[in-house]
Amino acid sequence: MSGCRTHAEQVGPYVLGALEPDEMDEMRAHLADCPRCSAEARSLAELPALMDLVKADAEVPVLSPGIEDEVLDRFVRERARSAPRRRRWPRLAIPAVAVAALLAALLVVIVPGDTNTAYAHADLWSLPAGGGAEGTADVAAVSAGTRVKLRADHLPVMNGRTYELWCVRNDGRWINGGRFYAQADGTAAAELTARVKPGEYHVVVITRRSDRGLRGAEVMRGKLNY
Amino acid sequence: MASSDATLVQRLRGDRSGDELRELYRRYAPELFGFATSALGDRELAEEVVQDVFAQLWRHANDYDKRRASVRTWLYAIARNRIIDAHRRAAVRPQRTDDEHALEGAAEVDAALDQAVLRWQVTAALSRLSPQHREVIRLAHYGGLTMREIADKTGVPIGTVKSRTSYALRHLRLIFDEMEIEP
Chain P
587 MSGCRTHAEQ
597 VGPYVLGALE
607 PDEMDEMRAH
617 LADCPRCSAE
627 ARSLAELPAL
637 MDLVKADAEV
647 PVLSPGIEDE
657 VLDRFVRERA
667 RSAPRRRRWP
677 RLAIPAVAVA
687 ALLAALLVVI
697 VPGDTNTAYA
707 HADLWSLPAG
717 GGAEGTADVA
727 AVSAGTRVKL
737 RADHLPVMNG
747 RTYELWCVRN
757 DGRWINGGRF
767 YAQADGTAAA
777 ELTARVKPGE
787 YHVVVITRRS
797 DRGLRGAEVM
807 RGKLNY
Chain D
988 MASSDATLVQ
998 RLRGDRSGDE
1008 LRELYRRYAP
1018 ELFGFATSAL
1028 GDRELAEEVV
1038 QDVFAQLWRH
1048 ANDYDKRRAS
1058 VRTWLYAIAR
1068 NRIIDAHRRA
1078 AVRPQRTDDE
1088 HALEGAAEVD
1098 AALDQAVLRW
1108 QVTAALSRLS
1118 PQHREVIRLA
1128 HYGGLTMREI
1138 ADKTGVPIGT
1148 VKSRTSYALR
1158 HLRLIFDEME
1168 IEP
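Those protein sequences? They're chains P and D, same order as listed. Just so we're on the same page, our numbering is the position in the first sequence counted from 1, plus 586. Just so we're on the same page, our numbering is the position in the second sequence counted from 1, plus 987.
Hint data in this document are derived by calculation from the structure and do not stem from the laboratory. Backbone N, C-alpha and C fix where the C-beta goes; we use that ideal spot for every residue, glycine too. Each hint should be verified, as a subset may be incorrect.
As the list claims (entries may be wrong) - Far from chain P, by Cβ distances over 12 Å, these chain D residues were calculated: (1) 990; (2) 1007; (3) 1096; (4) 1112; (5) 1132; (6) 1153.
Stated by the list, open to error - Pairwise CB distance ranges (calculated): (7) D:1072 - P:634: 28 to 36 Å; (8) P:634 - D:1010: 43 to 51 Å; (9) P:624 - D:1055: 55 to 63 Å.
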């Protein structure tokens, strides 16, 4: 419902107390006689109190995009750990399974990317924002992508202890490997999973946490040696 | 047609791909983050809360009963508990031990969390107004200017300022109704 034809546009300003004193008086008198405008004023009356709950410049906070990857990676890892053991194969299938297992074993020897043990390593070197931090990253292939075992020392902790791991793909795309937290003494140890296949990237970067969708400052960087 | 929230939670029980979780995350993570940020005043803690809420969601998907609550209500209940935990961890004052104070504390926490939800909802509602409508609200309500002063300041005819203000408030009322916001 809106106000009457003559005073409809005065109701909103009246509710906010934003009319001149003489106009406020006139509206008060009008509201006493006009059911349309008084109903409109009643329906808007609670808005100023609600708006007082927030500041004029309050903005809707935006989640860092990396959090979605982090949640999904955690989910995939947990589900993989809790996967039920497979049922026994029927007898007739055993020879085929044995052949497949033999082939798989051969492939594991030939293609190190299919193992779960570390097969690539990077020494991480401090960048200007790193304040002398140093660390290592050991990479292993897992079903969800790449597991990176990270160790770091001397991370700056004065302006927050949250850091993020990034794997920079060969095509230049940065893949978020999740977030980790440094101890008060600047050390950190974490195992993170990035949804990128080993071999698709050769650079590991540690940054400050992302904020409002913007990647944080680079703290350390290292080249993977496969 | 998009799956209902309850269907997604049901499918999540046997899901390993993360597709259902991703959909639920996209539907609810932004508002849960807004709520947590409003309650905790700290982005990092709020992001941890959001992650924990979704971890609880997939771990306890079997416990969800759509006859008892909507998925949204359920997620907010989890978020409330996580926020209370985060407050407790951050609390610096000594814990009260007598029951009377403990109850009073719980009621205070509930009231504070209700206010946090409301603050986030009002912020979200204001952000849905057009820039012109937000501007007149900002100048008139938060800046305390009259319609004439706004007209002088912005160079917009006073009749337009008045009608903009009225439309802005009507639109805000509709948004509040749509979001089921009540003071």
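- Query: That 43 to 51 Å hint for residue 634 of chain P and residue 1010 of chain D (C-beta), does it hold up?
  - Reply: violated, 38 Å
- Least C-beta distance between residue 1153 of chain D and chain P, which was stated to exceed 12 Å: violated, 3 Å
- Verify that the Cβ of residue 1132 of chain D lies farther than 12 Å from every Cβ atom of chain P, and report whether the claim holds or is violated. violated, 7 Å
- So the hint says 55 to 63 Å: do the beta-carbon atoms of residue 624 of chain P and residue 1055 of chain D match that? violated, 42 Å
- Does the Cβ pair residue 1072 of chain D, residue 634 of chain P satisfy 28 to 36 Å? holds, 35 Å
- Item | Interface exclusion of residue 990 of chain D relative to chain P, criterion Cβ beyond 12 Å | Answer for residue 990 of chain D: holds, closest chain P Cβ roughly 18 Å.
- Query: Is the nearest CB of chain P more than 12 Å from the CB of residue 1096 of chain D?
  - Reply: holds, 18 Å
- Task: Over 12 Å to the closest beta carbon of chain P is the bar; see if residue 1007 of chain D clears it.
- Result: Violated, since 10 Å does not exceed 12 Å.
- With d taken as the least Cβ-Cβ distance between residue 1112 of chain D and chain P, does d exceed 12 Å? Non-interface label on residue 1112 of chain D violated, nearest chain P Cβ at 8 Å vs cutoff 12 Å.
In summary, the numbered hints that this structure violates are 2, 4, 5, 6, 8 and 9.
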